[in-house]
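The lines below spell out each chain.
2 protein chains.
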Amino acid sequence: MSLSMYQASIPVLIRNLNNLSAILKKAEANAVTRKIEPEVFINSRLAPDMYPLSKQIQIATDVSKGGAARLAGVEVPSFPDTEKTFAELQARIAKVIEFLNAFKAPQIDGSEEKKISLKVGGQELNFSGQAYLFGFVLPNIYFHTTATYTILRHNGVDLGKNDYLGAV
Amino acid sequence: MSLSMYQASIPVLIRNLNNLSAILKKAEANAVTRKIEPEVFINSRLAPDMYPLSKQIQIATDVSKGGAARLAGVEVPSFPDTEKTFAELQARIAKVIEFLNAFKAPQIDGSEEKKISLKVGGQELNFSGQAYLFGFVLPNIYFHTTATYTILRHNGVDLGKNDYLGAV
Chain A
0 MSLSMYQASI PVLIRNLNNL SAILKKAEAN AVTRKIEPEV FINSRLAPDM YPLSKQIQIA
60 TDVSKGGAAR LAGVEVPSFP DTEKTFAELQ ARIAKVIEFL NAFKAPQIDG SEEKKISLKV
120 GGQELNFSGQ AYLFGFVLPN IYFHTTATYT ILRHNGVDLG KNDYLGAV
Chain B
0 MSLSMYQASI PVLIRNLNNL SAILKKAEAN AVTRKIEPEV FINSRLAPDM YPLSKQIQIA
60 TDVSKGGAAR LAGVEVPSFP DTEKTFAELQ ARIAKVIEFL NAFKAPQIDG SEEKKISLKV
120 GGQELNFSGQ AYLFGFVLPN IYFHTTATYT ILRHNGVDLG KNDYLGAV
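Here the protein sequences line up with chains A and B, keeping their order. Residue numbering for the first sequence follows numbering that gives the first Met the number 0, starting at 0 and increasing by one per position. Residue numbering for the second sequence follows numbering that gives the first Met the number 0, starting at 0 and increasing by one per position.
Excised from the complex, chain A in its bound form (with noise of 0.2 Å):
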């Protein structure tokens, strides 16, 4: 079957958010074993200007139910950044999940030259929907998934590679 911008986006994003969500867990587990506050992970940076790793997940699933919506021409749901706890933060991967679980191919196929605009950090972007899906969306999802894995292996949380691409 010829590549299309449905397999492109929607499995990739669900993948990846089932991944971090895996990754999570093991963060989650590990703070306990080690008898460590789950907010020092979940507050925790890699630098003092540098996003802690709440909002990595925030922007993770921000990047992936906006990529879904804008490459299906629907409103892009919204969701306050309030997240404080593991449950709260796996409880919005899982409601973004459900989100993208519902597009079908038809929805996002064809969606190569869509004219795409949105606003990141008071600045306009401009994209066709192919280079928005190549470009940005992916790119970013992976940047705060990769942000957030490895944040956690500076915390000592034991993670391998295998947890970021999941099951092969």
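Honestly, the hints are just simulated from the structure, not real lab data. Keep in mind that a hint or two might mislead.
For identical chains, the list gives no copy identity; a pair is met inside one copy or between any two copies.
[Unchecked claim] DSS-like mimics (lysine-lysine), calculated; alpha carbons at most 27 Å apart, straight line: (1) K34 to K54; (2) K160 to K113; (3) K160 to K114; (4) K160 to K118; (5) K118 to K54; (6) K83 to K118; (7) K113 to K83; (8) K83 to K25; (9) K25 to K54; (10) K94 to K54; (11) K54 to K160; (12) K160 to K103; (13) K160 to K34; (14) K114 to K34; (15) K103 to K113; (16) K83 to K34; (17) K83 to K94.
We have chain A; now place chain B onto it with these hints.
Below, chain B without anything else, positioned relative to chain A:
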């Protein structure tokens, strides 16, 4: 134009390597300004059992050249992992960009169902071309580019998301 395996791979890989090169240039300039020996950045890692920056670049380039070569069914060029300076790391990136630039769309297009096998850490992995690109190549190049970015940010190098994403 319909999305194709070529469009989802070669230009995406090249763009990421150009961004990685630009990030390294900023890191090198930062080392000069702060009078830090370049090897400090090049050998820096976020955890004792994570790879240092040099290895992150070596893997990002390996996955890029391996990805293109396997999708096209040509031999994967092998480079010794001997880079110890920014100039040598930049040369490796440039060599892989040159390799990628030589691919023409018909070499990669239609590789969705192509059987691809590779050994990673002694484990044999088997993919279809599409699963290899979206479940291995793309997540890996972004992982190692983001790891490079977070190592440098953790060491105080002034980088922002736009350096990672490149010009939109």
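Each hint, compared with the structure:
{"no.": "1", "hint": "K34 to K54", "result": "within (23 Å within a copy, 33 Å between copies)"}
{"no.": "2", "hint": "K160 to K113", "result": "between (34 Å within a copy, 24 Å between copies)"}
{"no.": "3", "hint": "K160 to K114", "result": "between (35 Å within a copy, 23 Å between copies)"}
{"no.": "4", "hint": "K160 to K118", "result": "between (33 Å within a copy, 15 Å between copies)"}
{"no.": "5", "hint": "K118 to K54", "result": "within (18 Å within a copy, 35 Å between copies)"}
{"no.": "6", "hint": "K83 to K118", "result": "within (26 Å within a copy, 40 Å between copies)"}
{"no.": "7", "hint": "K113 to K83", "result": "neither (36 Å within a copy, 44 Å between copies)"}
{"no.": "8", "hint": "K83 to K25", "result": "within (17 Å within a copy, 35 Å between copies)"}
{"no.": "9", "hint": "K25 to K54", "result": "both (18 Å within a copy, 26 Å between copies)"}
{"no.": "10", "hint": "K94 to K54", "result": "within (16 Å within a copy, 36 Å between copies)"}
{"no.": "11", "hint": "K54 to K160", "result": "both (22 Å within a copy, 14 Å between copies)"}
{"no.": "12", "hint": "K160 to K103", "result": "neither (30 Å within a copy, 31 Å between copies)"}
{"no.": "13", "hint": "K160 to K34", "result": "within (25 Å within a copy, 34 Å between copies)"}
{"no.": "14", "hint": "K114 to K34", "result": "neither (50 Å within a copy, 46 Å between copies)"}
{"no.": "15", "hint": "K103 to K113", "result": "both (17 Å within a copy, 25 Å between copies)"}
{"no.": "16", "hint": "K83 to K34", "result": "within (18 Å within a copy, 40 Å between copies)"}
{"no.": "17", "hint": "K83 to K94", "result": "within (16 Å within a copy, 45 Å between copies)"}
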